[in-house]
Amino acid sequence: MSIEERLRSNGIELPHPAAPIANYVPCVRSGSLLVVSGQLCLGPDGKLAPAHTGKLGVSVSLADGQAAARLCAVNVLAQVRALLGSLEPIKRCIRLGGFINSTADYGSLPQVMNGASDLMVLVLGDPGRHARTTIGVAQLPLDAAVEVEAMFEVG
Amino acid sequence: MSIEERLRSNGIELPHPAAPIANYVPCVRSGSLLVVSGQLCLGPDGKLAPAHTGKLGVSVSLADGQAAARLCAVNVLAQVRALLGSLEPIKRCIRLGGFINSTADYGSLPQVMNGASDLMVLVLGDPGRHARTTIGVAQLPLDAAVEVEAMFEVG
Amino acid sequence: MSIEERLRSNGIELPHPAAPIANYVPCVRSGSLLVVSGQLCLGPDGKLAPAHTGKLGVSVSLADGQAAARLCAVNVLAQVRALLGSLEPIKRCIRLGGFINSTADYGSLPQVMNGASDLMVLVLGDPGRHARTTIGVAQLPLDAAVEVEAMFEVG
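Protein chains in written order, with the numbering used here: chain A, 739 to 893; chain B, 739 to 893; chain C, 739 to 893.
Don't read these hints as lab results, they were simulated from the structure. One or more of the hints may lead you astray.
The list treats identical chains as interchangeable, and a pair is accepted whether it falls inside one copy or across any two copies.
Said to hold, decoys possible - Here are the simulated lysine to any residue pairs, SDA-like style, with alpha carbons at most 25 Å apart:
#1 K829 x V892
#2 K785 x D843
#3 K785 x H754
#4 K785 x G845
#5 K829 x C765
#6 K829 x A760
#7 K785 x P753
#8 K785 x L752
#9 K829 x N761
#10 K829 x V763
#11 K829 x R767
#12 K829 x S770
#13 K785 x Q849
#14 K785 x T841
#15 K829 x G769
#16 K785 x D881
Make a model of the complete structure from these sequences and hints.
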């Protein structure tokens, strides 16, 4: 199955990708490396839902945090497709960086980030298995619950 | 215009770059990739000004935060020039990572980081347009207001 | 002296590397780049010691934080050896990212991270000298005191 077929068979629709909210670009390719800017958990309408706004450990539940992380990963893939015209040039997801807007004592950071990791493996299959760093941060742009950045190998 | 000419025409002077404050190096080149250590918002005198010390949302204003982020970017370029002897080998700024020392409810993280992004584009032109991740962190070395790390493609 | 000899002569034993605590992999190689997932300060028994759990500035002392950072670096090397079968293919440590679980006013972040940097230089010698970014974060997985991610050049 191609990556695009896997998207369809899983009912995943990539949104029109968000424009950067400041003076930078969504992705930069350098040789076979593709670096994707941190993506927030914006929904398909380009907006941050109330359920995906705020902190894990305060107003955002684990399930909503996981859904937010999944949205970040969907938005990462939307940016890649906007740059390359397709997801097929992806050889490998090298790394995801996961930033969770959380309290200082939140206990389920990896479980939240799994929402992004699981989506990447669901869409890309084995080449979607990536190195990962997950941290709980004091604050994120727009008070988003999750932000995910990525590095891919592309051919 | 060369990069060095753009520096001069914009009145930007790169400082004598700061020595790492611990057991590491400012930049590492690996093939065409150049990775620059997180740079703090030290001034041209190598010191952290009171206006650029502390947290956004407490003691540091948005304007001071933007100036701090710009200083970080200037210091990134100073490190690159110290390693390569010139900025001309820069083909592209691939990525900036922006770390803002902020309260848990600070609302203008991207605007602060624009101070760094705008400087990079001002100096490098179109090849200065980079992928970017901005997060608000609990604390930074020396209680600096901003820290910026970078990755470049060099030729 | 080979890297493995330097390990032995310094009495450093690499543990059986920890399995990722979620749906990702410990390391990804892409060409000459090797990216290592954020490693927590798990001990040789694969467990997080109470002394290496919690925040710098609250319950974790500077000395314990440094020991935790050193453990993270040991675990990074254990993951590299598990993937490559040996540490000898390492040409260079390009970058360490250091995430310190800290209060909002903790004052010794770089000193904590030195525990990781010093170990890397001790084991790899001059090629162990790396670019580095150190930040204080709100929270880490398992409430670990320190997490370290890495990028190497391998041959």
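Status of the hints after comparison with the structure:
| no. | hint | result |
| --- | --- | --- |
| 1 | K829 x V892 | both (5 Å within a copy, 19 Å between copies) |
| 2 | K785 x D843 | between (28 Å within a copy, 19 Å between copies) |
| 3 | K785 x H754 | within (12 Å within a copy, 44 Å between copies) |
| 4 | K785 x G845 | between (27 Å within a copy, 16 Å between copies) |
| 5 | K829 x C765 | both (16 Å within a copy, 16 Å between copies) |
| 6 | K829 x A760 | between (29 Å within a copy, 22 Å between copies) |
| 7 | K785 x P753 | within (11 Å within a copy, 42 Å between copies) |
| 8 | K785 x L752 | within (14 Å within a copy, 40 Å between copies) |
| 9 | K829 x N761 | between (29 Å within a copy, 19 Å between copies) |
| 10 | K829 x V763 | both (22 Å within a copy, 16 Å between copies) |
| 11 | K829 x R767 | both (14 Å within a copy, 12 Å between copies) |
| 12 | K829 x S770 | both (9 Å within a copy, 15 Å between copies) |
| 13 | K785 x Q849 | both (24 Å within a copy, 19 Å between copies) |
| 14 | K785 x T841 | both (23 Å within a copy, 24 Å between copies) |
| 15 | K829 x G769 | both (13 Å within a copy, 12 Å between copies) |
| 16 | K785 x D881 | within (12 Å within a copy, 32 Å between copies) |
The earlier numbered hints are all upheld by this structure, with none contradicted.
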